[in-house]
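Peer 1: Those sequence lines, one after another, are chains A and B.
First residue of the first sequence? That's 1318 in my numbering, and the numbers climb one at a time after it.
First residue of the second sequence? That's 1318 in my numbering, and the numbers climb one at a time after it.
It is possible that some hints are incorrect.
Identical chains share a label here; the pair holds if one copy fits it or two copies do between them.
[Stated by the list, open to error] For lysine-lysine, the following DSBU-like pairs were computed, each having C-alpha atoms within a straight-line distance of at most 35 Å:
1. 1353 with 1659
2. 1406 with 1482
3. 1659 with 1505
4. 1327 with 1504
5. 1377 with 1332
6. 1406 with 1573
7. 1567 with 1433
8. 1377 with 1659
9. 1505 with 1573
10. 1482 with 1659
11. 1571 with 1505
12. 1404 with 1327
13. 1504 with 1573
The set of hints was computed from the structure by calculation and includes no laboratory data.
2 protein chains.
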Amino acid sequence: MSQRELDPRKELILKVVTDDYIESAEPVGSRTIARKYNLGLSPATIRNEMADLEESGYLKQPHVSAGRIPSQQGYRYYVDMLMQQQKLKEEEQGLIRLYFEDRSRELDTILQQTVKILAQLTRYPSLMLGPTLQPSIFKHVQLIPLSANDILVLIVTDMGIIENKVIAVDCPVTQADLDRASYSLNKKLRGRPFASLKSSVLNELKEEIKTEDSSFQQAVTLLLSSLDTREKERVYLDGIINILEHPEFKELEKFKLLLELMEEEERLCRLLSSPYPGIRISIGEENPEEAAHECSIITANYEIGGRVVGTIGVLGPTRMDYAHVVSVVEFIAQSLSEFLSKS
Amino acid sequence: MSQRELDPRKELILKVVTDDYIESAEPVGSRTIARKYNLGLSPATIRNEMADLEESGYLKQPHVSAGRIPSQQGYRYYVDMLMQQQKLKEEEQGLIRLYFEDRSRELDTILQQTVKILAQLTRYPSLMLGPTLQPSIFKHVQLIPLSANDILVLIVTDMGIIENKVIAVDCPVTQADLDRASYSLNKKLRGRPFASLKSSVLNELKEEIKTEDSSFQQAVTLLLSSLDTREKERVYLDGIINILEHPEFKELEKFKLLLELMEEEERLCRLLSSPYPGIRISIGEENPEEAAHECSIITANYEIGGRVVGTIGVLGPTRMDYAHVVSVVEFIAQSLSEFLSKS
DNA sequence: TGTTAGCACTCCCGAAAGGCGAGTGCTAAT
DNA sequence: ATTAGCACTCGCCTTTCGGGAGTGCTAACA
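Build out the structure end to end from the sequences listed, making use of the hints.
Peer 2: Here it is in structure tokens:
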């Protein structure tokens, strides 16, 4: 975080320039500021201040005879020090609340729709990293025979997240075998956090099943290994189209890079995942992805029962309506957390 | 289907124009044809034929001094009568086969990756309508308590499709209640086709449970109603970016309309769903969606165990490589059907 | 010393102009 | 019936050019 290192008048001007540029998408000139914002300063004075701000890296000029726009450093200062926290408008709050009132749907649908509403309210592309298994608690496992050699493994967590996986076994197993296996797996695993499964419990379990027959052994071993490999999280996405509203993407090439990014889940994950809780704002080149170097990303984590399980966020040009987006993302993340924690 | 109503030389010229335009995206002129395709005809002759073809509606001119391009009617004739069926290249077949060899994944992932490979091979945006429940056979149901008042209902079909839904009950139910309910539901429903559930079986079941306690009754009733409402199919999508390779979408507005379409599942469903099996080609305004009036769509249904359960398809400009796409879509639909039927 | 008016200068942007080139339809010859 | 020749059309690309917005600098002023 930056220190407060600009004098009040420079701050004021930086703020005004940023606000105006965010709104208009046009470089802001000294004349405009003087006329529009009544600061009691002449254009010339503002010009001087702007020149200073440019020299110290907070503003820049697209070209000599244009107004100023904020640099990445300028946005950072704006976001950290100048931006006014907005309270979400009543109607927006209402919309979100209303949406989260209707409850009986699949998890998948809920998440998809949450991203959709986020995109609608922000008018930017919105993304979500689906809930991880890691912090969940094991609730139920069910082994279901699909055919002679294929078993469907269903794992349910306390959050209602469902994992399913087909595993192939060499020798046929009977329904009875599987029921028995399901039963003892459940007895053993129910209530345990996933994070702890890999190490202790599983070995323990492996020991135990030595006494059982081989097909059961095999099934369990496979289950365990499949639990191991399962790390990929789903990415939800909506409102890509919103990006086209913004003049910075009128050049197809720029948009193309971004669209490419959006179609690759791994890269999105890298962009979104954030270790610490709370709102995070990444501006321009702070983003790890080359394609997003002219974008900013605002994310917040959401939780289930106090445990962080996923991330929700918005992607936009660096000239983004930070204040508004922050308030929406925050509110939705919180609403989603509450919603998921209730079930 | 059109009758064969053009004389051979006109057909030849229509075919050449279409082939060339599909490849080059430029209106093709008489001179080009004469030089490039050695038809033993002079440009002037070709011009006369083209003028005839234009008059009868198979070709059109973007403007007076440009070459000809196929009209929608022209494409239709091309697709129905002139296009040579291609056999898929060995390497493409190999790629697809290779992909379908690796088996143990979730259904969801498989479908997503199938669309991805379709997009890769065709270089067009690709879509899939996820498998419907309707033609499946009931395999297993499991009721799992998530909290005091929420029950997770898991339904597994013989195809490994998994539906899950959270339903809320008024009064708390115990694990034992649910196990008992699961048991009798399974006994009753296993092996029945979904299509038949709504009517006969369910009423029968309702009668039967009158004798049971109320919480059980309630759960079953809810289950039935949730089965009813569940009709929405998932849409998988990949390779949107490919559309930008084509000059017809260099105008942002056109692309925007299409992107809008792609972000709305219902509209995609309407566009894709096709009653009859086999390859279907919709050209330009044959499509029900306004936004796709300058596009063509090639779809094929895929099956599980001989029953049509979904659709896979490709969207491109009307100037689309029909022959190649048809062969890819066909092959992938078939491979997917085989793959899904094996499990 | 900070602020402001005045002014010359820069440079983007959009409109207008002009030339090129590809392709056509028509006519007349084969 | 086919073809060569030719005048004509028209999209597109490049160039040109003026207007306008905005600047930095200088000098005057409080």
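Peer 1: Now look at each hint and say whether the structure bears it out.
Peer 2: Outcome of the hint check:
1. For the homomeric pair residue 1353 and residue 1659, neither the shortest alpha-carbon distance inside one copy (48 Å) nor that between copies (70 Å) is at most 35 Å.
2. In the homo-oligomer, the alpha carbons of residue 1406 and residue 1482 lie at most 35 Å apart only across protomers (33 Å), although the nearest pairing inside one protomer, at 43 Å, exceeds that limit.
3. When the C-alpha separation of residue 1659 and residue 1505 is checked against a cutoff of 35 Å, the pair qualifies both within a copy, at 26 Å, and between copies, at 33 Å.
4. For the homomeric pair residue 1327 and residue 1504, neither the shortest alpha-carbon distance inside one copy (66 Å) nor that between copies (76 Å) is at most 35 Å.
5. Proximity of residue 1377 and residue 1332 under a CA criterion of 35 Å is satisfied intra-copy only: 14 Å inside one chain copy versus 56 Å between copies.
6. For a Cα distance limit of 35 Å, the shortest separation of residue 1406 from residue 1573 qualifies both inside one copy, at 34 Å, and across copies, at 29 Å.
7. For the homomeric pair residue 1567 and residue 1433, the shortest alpha-carbon distances inside one copy (23 Å) and between copies (27 Å) are both at most 35 Å.
8. Proximity of residue 1377 and residue 1659 under a CA criterion of 35 Å is satisfied in neither setting, with 49 Å inside one chain copy and 62 Å between copies.
9. Taking identical chains as interchangeable, the C-alpha atoms of residue 1505 and residue 1573 are never at most 35 Å apart, the minima being 50 Å within one chain and 53 Å between chains.
10. With identical chains, the CA atoms of residue 1482 and residue 1659 are at most 35 Å apart both within one copy (27 Å) and between copies (15 Å).
11. Proximity of residue 1571 and residue 1505 under a CA criterion of 35 Å is satisfied in neither setting, with 53 Å inside one chain copy and 58 Å between copies.
12. Taking identical chains as interchangeable, the C-alpha atoms of residue 1404 and residue 1327 lie at most 35 Å apart only when both belong to the same chain, with a minimum of 26 Å there against 69 Å between chains.
13. Taking identical chains as interchangeable, the C-alpha atoms of residue 1504 and residue 1573 are never at most 35 Å apart, the minima being 51 Å within one chain and 54 Å between chains.
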